[in-house]
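Trainee: Residue-level listing of the chains:
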Amino acid sequence: MAKVISADQAMAHVNDSAVVMIGGFLACGTPETLIDAMVKKGVKKLTVIANDSGFPERGIGKLVVAKQVKKLVATHIGTNPETGNQMNAKTMEVVLVPQGTLAEQIRAGGAGLGGVLTPTGLGTVVAEGKQVVTVDGKEFLLEKAVKADIALIKAHKADEKGNLVFRKSGRNFNPMMATAAEIVIAEVETIVPTGEIDPDEVMLPGIFVDYLVKG
Amino acid sequence: MDNRTLIAKRVAQEFKDGDIVNLGIGIPTLAANHLPEGINITLQSENGFVGLGPVEEVDPDLTNAGGQPAGILPGGATFDSALSFVIIRGGHVDATVLGALEVDQEGNLANWMVPGKIVPGMGGAMDLVVGAKRVIVAMEHAGKGGSKKILKKCTLPLTAVNVVDLIVTNLCVFEVTSKGLVLTELAPGVTVETVRENTDADFTVSPNCQEMKIS
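Top line first, the protein sequences correspond to chains G and Y. My numbering applies: residue 1 is where the first sequence begins, and numbers increase by one. My numbering applies: residue 1001 is where the second sequence begins, and numbers increase by one.
Worth flagging that the hints you see were computed from the coordinates, not collected in a lab. This one's a predicted model, so the numbers in the text were calculated from it and none came from an experiment. In this text, a Cβ means the ideal position worked out from N, Cα and C, and glycines have one as well. Do not rely on the hints blindly, as some may be mistaken.
Stated by the list, open to error - Derived BS3-like pairs: lysine-lysine, alpha-carbon spacing no greater than 30 Å straight-line:
#1 G:90 with Y:1117
#2 G:41 with G:147
#3 Y:1133 with G:168
#4 G:130 with Y:1117
#5 G:70 with Y:1117
#6 Y:1153 with G:138
#7 Y:1117 with G:71
#8 G:67 with G:41
#9 Y:1152 with G:130
#10 G:90 with G:71
#11 Y:1153 with G:130
#12 G:157 with G:41
#13 Y:1179 with G:138
#14 G:90 with G:67
#15 Y:1117 with G:45
#16 Y:1133 with G:138
Claimed, not checked - So these bits of chain G aren't anywhere near chain Y, every CB distance computed over 12 Å:
#17 11
#18 15
#19 16
#20 19
#21 44
#22 45
#23 47
#24 129
#25 144
#26 182
#27 183
#28 191
#29 192
#30 211
Looking at chain Y on its own, in the form it has when it is part of the complex (with noise of 0.2 Å):
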């Protein structure tokens, strides 16, 4: 299995049958393909949705967050922006799932912009982390040239401020606590050595850390 489902896979896990679910553009978007069987979700597209589904046919009119076409499911509901962030600030999405370029041990994230190199802007990536009631960084362990994502302290400019609950990478998955980053799973065949040699941040390992769980 590829790195890329192995972490849609585990990041599926997490959702509640019934959560109002925004998933941001690359892995997490591939989240919804692996629902475990009997949650539904309903997903959030902060462009003005709620019932993000496949396309059935291109509209000019129906996009999703990324400007591609989008599908809504029957029951969906369309509004304008500002209300599309009442439902992401104001605490009415359960869960978002984020890449990030850095994310550290206090839950910091940095995933909106490189200075000098790349600046897309942050888009709504800063409202749904303080929003959502929960809030996924879904990405490969490491960076470009094996560089380090999981830091003691982000270096880039943050997006939001100690607003991480969970971390799911090709290698494990991490809980942020008010104590620090806490090891609960290693992916099949993955050593804590291999996420030590992996990581800057500091962890602990849970005493009941286990085996991601994927089919």
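Next up, chain G with everything else stripped away, as it sits in the complex (with noise of 0.2 Å):
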């Protein structure tokens, strides 16, 4: 059973130093009231793994903007020219990651892999210090799993054992994200009864999910 909190209440699993991944795509998909109440909290040193920083007033941005994120590893930062700033001034670090190989990673961190095989960054700046394996003569780059303390989610809906339903093009980091963190709370649209949800539209078992928000 996943246990229906507040936004607030919520933020007492957020705490200072955290590394917290964050569902959304361009702020597609991303826990909007969660986010902002991590901006109401004022957690600090954060490092956040997402696909992007969204943008100024909206998604993950709103974090960069109010200074909360030490750390950032993303795939695409082009649409926040905050992140672009801090990251020139050096008061952010940020790591660029292919947007396939971020999937893999944290999909290979809720599965209890070491990492993933990739060809994707080879001859590139993203295999610089990284392990190339060969098999049967094609070379990969070594990417290791990557998890976290905390996954920040947004579905469409839930029941109260925490099944979700994601919505459209919502979707994308936000199941595997919850594979990959040691706690996870979920922002959602709509709670409703256990049972109403068929098994067979269940995109994420609720067995995954530790926290509901309403959003």
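Using the hints, build the complex out of the two chains.
Mentor: Rendered as structure tokens:
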């Protein structure tokens, strides 16, 4: 049974220096209510793992603007000039990762794997300092698994067990992140009684979800 | 006809009926508007769906990979980012079309950062060019101020090594072969000399070099 709590109550689990995965793709499928609560609480020195840093006024960008992020691991930062400013001023560390690699690193973190072998990034700066593994004559980069203290995800609908249904392109990184963190908080639009979501329609089993927050 | 439309129309001739295609932002996206009669393709959007189509109504849960409102055509399907890159990296995309900052005669591509100036991040580009069966670069032949973009060797950080199959510009079409660039088509009114003046890379002229057929 996932516990239904308020966004402010959820912040008891989000503390300074935490490693936080946040779902969403350019502020689509991002838990905006939880991000607002993080800004309100003023947690600092966060390591944020996410697809991108959103926009200055939407999505993960709000945390960047409030200078709460010490390190950002992301695939794209071009839509939020503030991220580039803080990176150039060296007040925030930014690690850029190919999108498919980040998805697999998080999946591996949740799946009990040490990492994945990918051809993506070979011969580029992404490969610097990483092990190259040859399999059947073909080279791959070893990309290590990624985990977090907490995952803040967004879904469309939950039942009381925490089973989740995502909607359209709002799914993106959310399901993988829910498997790769110690504590998982899902912001949802609707919570329905257990049994109302057909097991075949569940996109993420509730066993991964600790808390539900109505967004 | 403006350069962008010319390039988009020529790129559209590369698709086969039934192809799964991923189009980058800008000129590549325009190619979908100029498909030859009888050619139907399925567009993949790396943020998590196939069947990308025109916007019917703005839905906050449905954007394209640039974060703009999008539509899904009947028969489309949504999925998470890991599956999206199973499709992309796993060789299930028939063609990807992208812009470039630089491309060279070995098929190397640079399109994700200019050190010290713009660092938007690679997003899904590194995975796309490694995984897609066919990689088409679509861009204006010359850069700002007439700078050359088709080089002997890329100078900017690479997106990937030896991945480009075809270069389509407002001046010409180059095929990238194991023996270097081969000029196969010239835009109406363009001479080999004009291409040479605007190209740093070495290239040979195909004996079958012809004028682009653009209606």
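Trainee: Taking the hints in turn, state whether each one holds.
Mentor: Do the hints match the structure? See the list:
1. Simply put, residue 90 (chain G) and residue 1117 (chain Y) have alpha-carbon atoms about 15 Å apart, close enough for the 30 Å limit, and the pair holds.
2. A threshold of 30 Å between alpha carbons decides the hint, and for residue 41 (chain G) with residue 147 (chain G) the separation of about 23 Å falls inside it, so the pair holds.
3. For a cut-off of 30 Å, the pair hint linking residue 1133 (chain Y) to residue 168 (chain G) stands: about 26 Å separates their Cα positions.
4. Annotation: proposed proximity of residue 130 (chain G) to residue 1117 (chain Y) holds, straight-line Cα distance about 26 Å (limit 30 Å).
5. Of the supplied pair hints, the one linking residue 70 (chain G) and residue 1117 (chain Y) holds, its CA atoms being roughly 22 Å apart against a limit of 30 Å.
6. This hinted pair checks out: residue 1153 (chain Y) and residue 138 (chain G) have alpha carbons roughly 24 Å apart, not beyond 30 Å.
7. This hinted pair checks out: residue 1117 (chain Y) and residue 71 (chain G) have alpha carbons roughly 20 Å apart, not beyond 30 Å.
8. Restraint check for residue 67 (chain G) and residue 41 (chain G): the C-alpha separation of about 13 Å stays at or below 30 Å, so the hint holds.
9. Under the criterion of a C-alpha separation no larger than 30 Å, the hint pairing residue 1152 (chain Y) with residue 130 (chain G) is consistent with the structure, at around 28 Å.
10. Taken as a hint, the residue 90 (chain G) and residue 71 (chain G) pair is honoured in the structure, with Cα atoms around 10 Å apart against an allowance of 30 Å.
11. Among the hinted pairs, residue 1153 (chain Y) with residue 130 (chain G) is consistent with the structure: their alpha-carbon atoms are about 24 Å apart, no more than 30 Å.
12. Straight-line distance between C-alpha atoms of residue 157 (chain G) and residue 41 (chain G) comes to about 26 Å, which keeps the hinted pair within the 30 Å bound.
13. Distance check on the hinted pair: residue 1179 (chain Y) and residue 138 (chain G) sit about 22 Å apart at the alpha-carbon level, within 30 Å; holds.
14. At roughly 12 Å between alpha-carbon atoms, residue 90 (chain G) and residue 67 (chain G) fall within 30 Å of each other, so this suggested pair holds.
15. Simply put, residue 1117 (chain Y) and residue 45 (chain G) have alpha-carbon atoms about 26 Å apart, close enough for the 30 Å limit, and the pair holds.
16. Between the alpha carbons of residue 1133 (chain Y) and residue 138 (chain G) the distance comes to roughly 17 Å, so the proposed pair stays at or under 30 Å and holds.
17. Every Cβ of chain Y is farther than 12 Å from the Cβ of residue 11 (chain G); the closest lies at roughly 24 Å, confirming the non-interface assignment.
18. At roughly 27 Å from the closest C-beta of chain Y, the C-beta of residue 15 (chain G) stays outside 12 Å, upholding its exclusion from the interface.
19. At the 12 Å boundary, the C-beta of residue 16 (chain G) stays outside the reach of chain Y, the nearest C-beta of that chain being 26 Å off.
20. The claim that residue 19 (chain G) is not at the interface with chain Y holds, since no C-beta of that chain comes within 12 Å of its own (minimum 19 Å).
21. Once the 12 Å rule is applied to beta carbons, residue 44 (chain G) is consistent with being away from chain Y; the minimum gap is 24 Å.
22. No Cβ of chain Y comes within 12 Å of the Cβ of residue 45 (chain G); the nearest lies about 22 Å off, and the non-interface call holds.
23. The beta carbon of residue 47 (chain G) sits about 17 Å from the closest Cβ of chain Y, which is more than 12 Å, so the claim that it is off the interface holds.
24. For residue 129 (chain G), the non-interface assignment is confirmed: its Cβ lies about 15 Å from the closest Cβ of chain Y, beyond the 12 Å cut-off.
25. With a least beta-carbon separation of about 16 Å from chain Y, residue 144 (chain G) lies farther than 12 Å from that chain, consistent with its non-interface assignment.
26. Distance check on residue 182 (chain G): its Cβ is at least 20 Å (rounded) from any Cβ of chain Y, clearing the 12 Å threshold; non-interface status holds.
27. The Cβ of residue 183 (chain G) sits about 20 Å from the closest Cβ of chain Y, beyond the 12 Å cut-off, so the non-interface label holds.
28. Every CB of chain Y lies more than 12 Å from the CB of residue 191 (chain G), the least distance being 17 Å, so the non-interface label holds.
29. No Cβ of chain Y comes within 12 Å of the Cβ of residue 192 (chain G); the nearest lies about 18 Å off, and the non-interface call holds.
30. Every CB of chain Y is more than 12 Å from the CB of residue 211 (chain G) (nearest about 21 Å), matching its label as outside the interface.
Checked against the numbered hints given earlier, the structure satisfies every one of them.
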